[in-house]
Amino acid sequence: MDYSRLGASTVDPQADEVPGSLPRKSPPQATGRNNNEENKTLTMLHWNAEDISRKKLALANRLKKEDIDVVCIQESHLTPHPKHGRRFTMKG
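Residue numbers (the numbering used here): 1 to 92.
Hints were generated in silico from the structure; no laboratory data involved.
Hints should not be assumed to be uniformly reliable.
[Claimed, not checked] 25 Å max Cα-Cα, derived PhoX-like pairs, lysine-lysine:
| hint | residue 1 | residue 2 |
| --- | --- | --- |
| 1 | 91 | 56 |
| 2 | 83 | 65 |
| 3 | 91 | 64 |
[As the list claims (entries may be wrong)] Derived CB-CB ranges, DEER-like:
| hint | residue 1 | residue 2 | range |
| --- | --- | --- | --- |
| 4 | 42 | 88 | 33 to 41 Å |
| 5 | 85 | 39 | 20 to 28 Å |
| 6 | 85 | 50 | 14 to 22 Å |
Since the model is a prediction, treat every value here as computed from it, not as a measurement.
Glycine included, C-beta positions come from ideal geometry on N, C-alpha and C.
Whenever a hint applies, use it, and build me the whole structure from the sequences.
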């Protein structure tokens, strides 16, 4: 089938590089960034909570103490809350 009428073009699967690609040694700098700004590390936490309902205060304290930016919580023992069901919420 000829897909050229739809704007598609064939690419040689044995080609050395993708058409239009530019070799790069590192990602481009973000726009609007001042070189004098201090770089801040993004701090992430992955946690297998095992019944987070009982550990909410401990989690809040750890997030604040360690200045965590992103947290991924794995929970397989969440028991339904009488008011919220299986939804877990936390301020902060």
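Results of checking the hints against the structure:
{"no.": "1", "hint": "91 to 56", "result": "10 Å, holds"}
{"no.": "2", "hint": "83 to 65", "result": "30 Å, violated"}
{"no.": "3", "hint": "91 to 64", "result": "12 Å, holds"}
{"no.": "4", "hint": "42 to 88: 33 to 41 Å", "result": "23 Å, violated"}
{"no.": "5", "hint": "85 to 39: 20 to 28 Å", "result": "42 Å, violated"}
{"no.": "6", "hint": "85 to 50: 14 to 22 Å", "result": "19 Å, holds"}
Going down the numbered hints, you'll see the structure goes against 2, 4, 5, while the others check out.
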